[in-house]
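Please put together the full structure from these sequences, using the hints given.
Protein chains in written order, with the UniProt record's numbering: chain A, 1 to 187; chain B, 1 to 192.
Careful: at least some of the hints might be erroneous.
As the list claims (entries may be wrong) - Each computed DSBU-like pair below joins lysine-lysine, with the alpha-carbon atoms no more than 30 Å apart:
1) A:98 <-> A:57
2) B:181 <-> A:36
3) A:57 <-> B:181
4) A:57 <-> B:17
Claimed, not checked - To list a few chain B residues with every Cβ distance to chain A over 12 Å, as calculated:
5) 41
6) 65
7) 88
8) 126
9) 135
10) 139
11) 142
12) 163
13) 172
14) 178
The hints are simulated quantities; they were obtained by calculation from the structure and are not laboratory data. Glycine is no exception: its CB is placed at the ideal position from the N, C-alpha and C atoms.
For reference, the chains in residue letters:
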Amino acid sequence: MTIKQQELLSAFVDGELNEQELDELLALMKSDDSAKQDYMRYQFSSDLLHGYVTEHKQIDLTDRIQQALSSDEPGVNVQPTENTQTAKVFALPDWFWKQTAGLAAAASIGALAVVGLMSQPQTVMPTTNMAQSEPMQQQTQVADSNRWTVGESEVEDRLNDYLVDHNEYAGASGLFSYARVVSYGEE
Amino acid sequence: MNVDQELVRRVQAGDKKAFDLLIMKYQQRIIHVITGFVHDPVEAMDVAQEAFIKAYRALPGFRGDSAFYTWLYRIAINTSKNYLTAASRRPPVSDVDAMDATIYYDAPELKEFETPESSLMSDDLQQAIHDAIQELPEDTATAIKLREFEGLSYEEIAQAMDCPIGTVRSRIFRAREAIDKQVKAVMGGEEL
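Okay, here's the thing in structure tokens:
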């Protein structure tokens, strides 16, 4: 390892790399095992300074995570180029489909209710002063957004929160793994 | 360039090594967050592993609306809560109070859990870091302080210290090497 390479590793701790340097860093990590150790030392020093170190020892989860990902089902791996996910179809008994159909219908109704509530027009009642100055005019503000338009940041945030929570809890159960692919937009 | 964003883009394009870098960068922070909920260190590491795996699976849908760490942090919190919820359904297997799950689940703020030994080590490490910075040449000490304590970018530090960015990078690297030596000494020469 040259000093320049070590400086590169230290700069990565601070997120201070350009694209070319990031390429160099990735190549270095792939070709030189000591690069990882050096980087971990610098990151540990920084984490110590920020008080992020809980166990006062260097922890490395990379191997066990990669191992877990490698032994995982192929369908969960990140697709190389496009966001295309292919569902696997398994033969399941009829009672399962009846139950899941019922649950899915209930969940859909719940989701529609949530989206419907979010897109309700918000009426602002005029104050007395406003009524005096404009006696015949009701001031009504209607949200501009369409319920399926996610360009508005507030609606998008709420939808995002809903989907993240849904994915977290439904996906974690192990029963309805299809729920992980719930999304919106044109991804 | 936002390095995290670029790494995410590369993971989405199929580069697993790029995800390794994100793990290495954030694992201590994520474990620190999780330890606020799950205070057994081994369990905290398991939960952290699960959080990273969930993040990896969800990365194709990550559009970069928030910073990567913010997104990862939320996954870690949710994974911790799920873990505590699941743990509360199981009979306690050790000296863990089953009520802990409910208490920590509803805790308004995260809590720190330190044993006397770890607290002592923490004090020693703090002192070692302080000593290491004190012993640095003034320019080097200033550079690392501006970076780590004030959160300035290299460009801002270069402006503040009236020197090239390359010099800032070099000073910060030397400071980290010096801190690492002191930390190693305190930790009994353990290989980091």
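- Hint numbers the structure violates, sorted upward? The structure conflicts with hints 1, 5, 6, 8, 13, 14, although it agrees with all the remaining ones.
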